[in-house]
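What follows is each chain in one-letter form.
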Amino acid sequence: EADIYQTPRYLVIGTGKKITLECSQTMGHDKMYWYQQDPGMELHLIHYSYGVNSTEKGDLSSESTVSRIRTEHFPLTLESARPSHTSQYLCASSATGGLGTEAFFGQGTRLTVV
Amino acid sequence: SQQGEEDPQALSIQEGENATMNCSYKTSINNLQWYRQNSGRGLVHLILIRSNEREKHSGRLRVTLDTSKKSSSLLITASRAADTASYFCATVLTDSWGKLQFGAGTQVVVTP
Numbered sequence: 001e002a003d004i005y006q007t008p009r010y011l012v013i014g015t016g017k018k019i020t021l022e023c024s025q026t027m028g029h030d031k032m033y034w035y036q037q038d039p040g041m042e043l044h045l046i047h048y049s050y051g052v053n054s055t056e057k058g059d060l061s062s063e064s065t066v067s068r069i070r071t072e073h074f075p076l077t078l079e080s081a082r083p084s085h086t087s088q089y090l091c092a093s094s095a096t097g098g099l100g101t102e103a104f105f106g107q108g109t110r111l112t113v114v
Numbered sequence: 001s002q003q004g005e006e007d008p009q010a011l012s013i014q015e016g017e018n019a020t021m022n023c024s025y026k027t028s029i030n031n032l033q034w035y036r037q038n039s040g041r042g043l044v045h046l047i048l049i050r051s052n053e054r055e056k057h058s059g060r061l062r063v064t065l066d067t068s069k070k071s072s073s074l075l076i077t078a079s080r081a082a083d084t085a086s087y088f089c090a091t092v093l094t095d096s097w098g099k100l101q102f103g104a105g106t107q108v109v110v111t112p
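Protein chains in written order, with my numbering: chain V, 1 to 114; chain E, 1 to 112.
Treat the hints with caution; some may be incorrect.
Stated by the list, open to error - Partial selection, computed: residues in chain E whose CB lies under 7 Å from chain V:
1) Q14
2) A82
3) F102
4) A104
Hints listed in this document are in silico derivations from the structure and should not be mistaken for laboratory results. For every residue, glycine included, the Cβ atom is placed at its ideal position computed from N, Cα and C.
Please work from the sequences and hints to get the whole structure.
In structure tokens, the structure reads:
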């Protein structure tokens, strides 16, 4: 069982609200990622971090922001939620090493903005 | 566009049959990984094959990598109903710091 946790699992929220999706890992991994995935569709990288105080935007433009103040914590924030933000958000982490290592995923947060 | 593209998009087989899916990518990679996702859940890592490897096995899984064709295949032998899931390939590019990029996935349904 992977030691990476996302909360909440499900969130239904009204338009205009500010939300923060939590992601924590206890494996000491340097790299952390946020992916956005619509049901049955591909994963799109929206943010990544390769260490504390280092964050980058991913391939898919997103109105969300992230922070990485501690190694184990990588929260994602939406300042003003809109229905277009409705999706599943997956957090992952991986260790640094050689030609790359496997990523561990959380269970995801399914966000619905009404 | 996404780095990896899977083929077929969907696959339906009966228990006991083999399932094969393919992944093509566009640029030079450090490694290629396969993941499995059950409906509505997170992804689970299955196998990682490095750019200097050509074939790897893990239980009923067999992965091949052809860097000259920029393609990989995942074979699941003697499939079971519990193998029903979506399968994704992900690549780590040589010019990245280890960033994982995913393909669109193959939905596999195994009927008893």
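Do the hints match the structure? See the list:
1. Q14: Since the shortest Cβ distance to chain V is 22 Å, the answer is violated.
2. A82: 17 Å, violated
3. F102: Nearest chain V Cβ about 4 Å off; hint holds.
4. A104: 4 Å, holds
In terms of the numbered hints stated before, the structure departs from hints 1, 2, listed from lowest to highest.
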